[in-house]
Amino acid sequence: MSALLTLDGVSRSFGGLRAVDNVSLEIAPGEIVGLIGPNGAGKSTLINVVSGVHPATAGRVVFDGRDITRAKPHAIARGGVARTFQVVQPFPNMTVRENIAAGGAFAGRIASLKQAMQEAGELAAGVGLGDLVDQPANTLTLARRKRLELAKSLAMKPKLLFLDEVNAGLNPAEIDDALALIRRIAEQGVTIVLVEHLMKVVVGISERIVVLQNGALIADDTPEAVLNNQKVIEAYLGKKYAAALSAEGGGP
Amino acid sequence: MTIQKVILAALGAAALSFATMGSAAAADGVIKVGAPLPLTGPLSPEGLKQKQGYDIWAETVNAKGGIKAGGDTYKVEIVYVDYASNTPKAVQSADRLISQDKVNFLFSPFGSGAAKAAGGVSEKYGIPTIAATASSEAVYNQGYKYLFGTFTPNRTLTEPLADIVLGKKPGLKRVAILSRNDLFPTALAKEMAKSAEKRGLDIVMSEKYAIGTMDHSSTVTQLKASNPEWVFATGYINDLILIRKQMKDLGVGAEVVTMIAGPAYQEFIDASGPLAENITSSAWWHPAVRYKGDDVFGTTENFNKLFEAKYGAAADYVQASAAAAGVILQLAIEAAGTVEPAKVRDAIAALDTTTFYGPIKFGDTGQITSLEPPTFQIQGSKPMVVYPDGIKQADINFGVK
Amino acid sequence: MRDWLILGVGTLLFGLLALSGDTYLLRLGTMLAMYAVLAMSWNFIGGMTGYPSFATAAFFGLGAYTSAILQAAQMPMAVGWAAAGLVAGGFALLIGLPILRLKGHYFAIASLSIGEILREVVNTSEEITGGGMGMNLPLLRLPPEVQAQAFYLCMLGLAVLTTAVAILVHHGRLGFAFRCIEQNEDAATVLGVDTRTFKTAAFGLSAVFSGVAGAIYGNWVHYIEPLDVFDIMHSVKPLVMVLLGGLGTLFGPIFGAIVFLALEEAVWRNFLGVHAAVLGVLIVAMVLFLPRGLATSFEQIARRFRGKAA
Amino acid sequence: MIYLQILANGLALGGLYACIAVGFSLVWGVLNVINLLHGSMIVLGSYIALFAYTTFGIHPFLTVPIAGGIVFALTYALQRGIINRVIAAPVLMTLTLTFGLDLIFNNAMLTAFKADYRKLILENPLGSWSFSGVTLPVDRIAAMALAMLLTLMLFRLLKDSRIGRAIVAVRMDRDAAALMGVDVMKINAITFGIGGFMAGAAGCLLSIIFPISPLNSTVYLGKSFVVCVLGGLGSVPGAIVGGLALGIIESFGAFFLGPEHAVTLAFSLLIVFLIVRPTGLLGKKGYE
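Chains as they are written, first to last, in the working numbering: chain A, 61 to 312; chain B, 108 to 508; chain C, 7 to 316; chain D, 614 to 901.
Treat the hints as calculated values from the structure; they're not laboratory data. Some clues are possibly wrong.
[Said to hold, decoys possible] Restricting the straight-line Cα-Cα distance to at most 27 angstroms, the calculated cross-link-like pairs of lysine-lysine (DSS-like) are:
1) LYS260/A - LYS291/A
2) LYS132/A - LYS109/C
3) LYS727/D - LYS489/B
[To be verified] Beta-carbon label-pair distances, calculated as ranges:
4) LEU167/C - SER774/D: 53 to 61 angstroms
5) GLY125/A - LYS109/C: 29 to 37 angstroms
6) GLY96/C - ARG169/A: 25 to 33 angstroms
Owing to the predicted nature of the structure, the values given are computational and were not obtained by experimental measurement. All residues carry an ideal CB built from backbone N, CA and C; glycine is no exception.
If we strip away everything but chain A, and leave its shape as in the complex, we get (with noise of 0.2 angstroms):
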């Protein structure tokens, strides 16, 4: 089975610092991938780098077999990418229908707007946010926020769909709901990649989990190989600790 995304020898510099490096990666249709590391390990802009935002400076962004490396962001977004941002970003003033619709009407290929409210209004529902479709977006709370940032990207009908820290913030229950919402999705047919920089978040729901630092990947495996990774062990709790860790035998 061929990937879904295939990243080669990516790399994206800002002015002399590079904030991807020489990232190479696979992912493959119906996964559910967690993509970790520390904070300013790069997470963001790989999936900058993948959505279009900051092009990728060298290698190539392979998605459903057509090269997107240049590919403009509405056109990776309308060929079945999505993504929810750190820093979520609702249309403040618009209603939630309206948030979650203009996802359907220009990345799902939804031909009338009326239609696009109208599923809208369902997705709106599926993430509970059932109640509140005709209220303005920056009257939510943050939670609901992060859930209509969800209902936004669903509209898009992705094959890929990037969630970039959906649970910070939030409180335990908070994280419970949303991980079974994502569960749900997956469910669906939706390949799944999330960005966490906490890890115990993503091993419970991860099939595989990718770690960068300092923009490069140091691990591609599955959640109890990467737990017990050497170097991912370093790179969250800095070398002297690891290894005072690892003399006692005992692992995180």
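Following the hints, put chains B, C and D in place on chain A, whose structure we already have.
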């Protein structure tokens, strides 16, 4: 919220007051003359001058009891509208003055362009209109019957200049022409080029500068390189003050430096100080001319005296021409014995008289033909007439450093 | 549906005004229609899409000159008007591609400069445009009242057309995209909105009708000159009208145009020499106290009253 | 030789342009407000210099702190009283507001001073310097030198003083500056005032060079725009580089293309720079 209410109320009141305004009927015994003028915006200095001319005429007439037509006597009222130096607004103002304020006659807006544009309106309504500041022949050759102008064509400025300069310096050959890229200045520059070519002069440089030019140093540097004997520069007063200063700064001189239209104004002399010395210019009128007229002012001296008493400065050609426009209207109304527009129009066309401004007679197109514009030179910080010989105050000097 | 009804009734009411033979009233009506066209046009890019454009004067002047040049070459008036819209629209698409990459003040200045450049180009292309001498348009050999009625109806027709297009856009995909861009352009992009194309479309829409308005205006006043048709006030006034009426609303611009014209006329008549300052005071007051426009403020006040009554 | 003269003309002109634009650039860069009043403030400075010279015989160069101070007070008050109320509003609002204020202000000057062009004529003209065929007017050189001195002082003020550091902090990150205890509203007003001071000072220096009239304000404003974009926003050295560049370009442009194209050239350059190099010649990152 209360502030919002207050503002809304104010806006509403303003809109209402607007709706109920206008339609003031012409009172008996008053002749209303509409005068759209550029009282704000780039042309406002000219507009304000024109207003002074109209005002002094109206005041003088009213002080003497008004205009007599047939058995009736009329006071004069001038209805001003500021069109903010915006030509279409001038056209609209003219329309409004005629159709809404019911003026009996109209004075054209400033300059050839606006006078031409507004000419269509007065023609439409058949309202006699006098243009005090439009010289371009294109204004008058449109077949309009109701438009009359007090300026002779532009070539009547350049021709006498060329005559007197070459009369005194037959060997002079090299002319440089510099003009502001604007209606009157470019038209005048073209006439100058014609006058020069006709006399076999070499035009060693001919450049236009953009409206709003802040610096002429490149042009003046080129001017220096072309080594002219006669520099002919047109523009508005600010351009000419700056050009003159930069010529001095960069050490450019010539036998003759002519500037139009700045030097006719006292502001040019004040603002240029010693640099104004020996600058030559032409204008349609000059306070040094001496005419004995049949009008309300009588003589040129009397007009000058009244003007100085009222405004504390000598009149220039714009102010005089504006006052002359009033005088012409008055003479025509008195000759026609009525304020009926068509009859007054015929009376204007038939005028053949002399006023403080000079002899008045209009050609077939409505443009005045009887004036002989004087040429003058700034000498000892004063404009001195050097041509024509009849009113000459001084001989032309050569050499501007 | 409601919007079409409003347009229909409005058209009928304003159409009746044409029966009046009062040339002054018709002149005001023509100005009003022209202001409405310019304000509606600006609303496409400035209100709906949120790009502070100062290019209205550029499109207006370009339209006026396109039409005047064609008519000077003996083309019929209608051809001149149609060409004006096409040229202005095409020019906007062309220039929009590069400058719509800019945002905020940068875009504002770039759009402003276009008018300045066009004015100077027209000023220096003397052979074609007459330069600073301006251009005369053919006079119609019709009685003044009939002319006034004809130009009023033409300008009103253009205003109705502009409004109809605005209604379609407002309720359609295009307007939806404009609003997404106005709200958050980056977010819109990753939702699949082709922002460049839509922005350019908004800019083009704002140009087409402004261009035709310039062309009709030229014939109406039968004399145009660069200083006038490229006057920066043609860029600023529509913006003030839209702000007055409510940014991004559908009928706000028309409402704003009516109020603005009434104020302008009242101020202009009653404050000789200081009308610019009075207009300035109004603008300042509006920005400080009515930032969301009259229509929105009326609504708010009405809601308050209803709230109190209940 | 003529090229050397054109270059000298351009440099002298460019110095004046820098002097016109530096205050405007500061306000734009720090407050993110395009101050459309700037041109009128320069004109006000010129009138103050004119009256100081004709009434009291004070040399325009000595009037610089007086005119600067008066315009500082005025602009400080305007910012405190009016502009601060909408400082966080969208670009359109602040632009429209300063446009309205300028209509009021310019009309007031027109009423008070009339539109007539006046000129400050020094009793002892400064004359020109001439060496190896190149002539330079001394008044321009002196004005330019004074302008550079003022600009340098502004530069030091921003770098070394407490207020200067607060201004720079606000420019970098308004919210962070507020969290650090900077009174942002006050700094806004002071910045606006400093912009006004520079405008008033520029007006003084220009009074001996250009005719004076309220109608000049739009020309000064237009030049400020171009200089800012050329040099890069909010950067003091940027205004100098942008000013000199514009002066030289206009000078040679007028020579090669003809003076009627000088204005077109400046604005075309502005658009090209906005699109191709929005950070200006110096490449400093602007503040949107």
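So which of the earlier hints does this model not fit? Violated hints: none; all satisfied.
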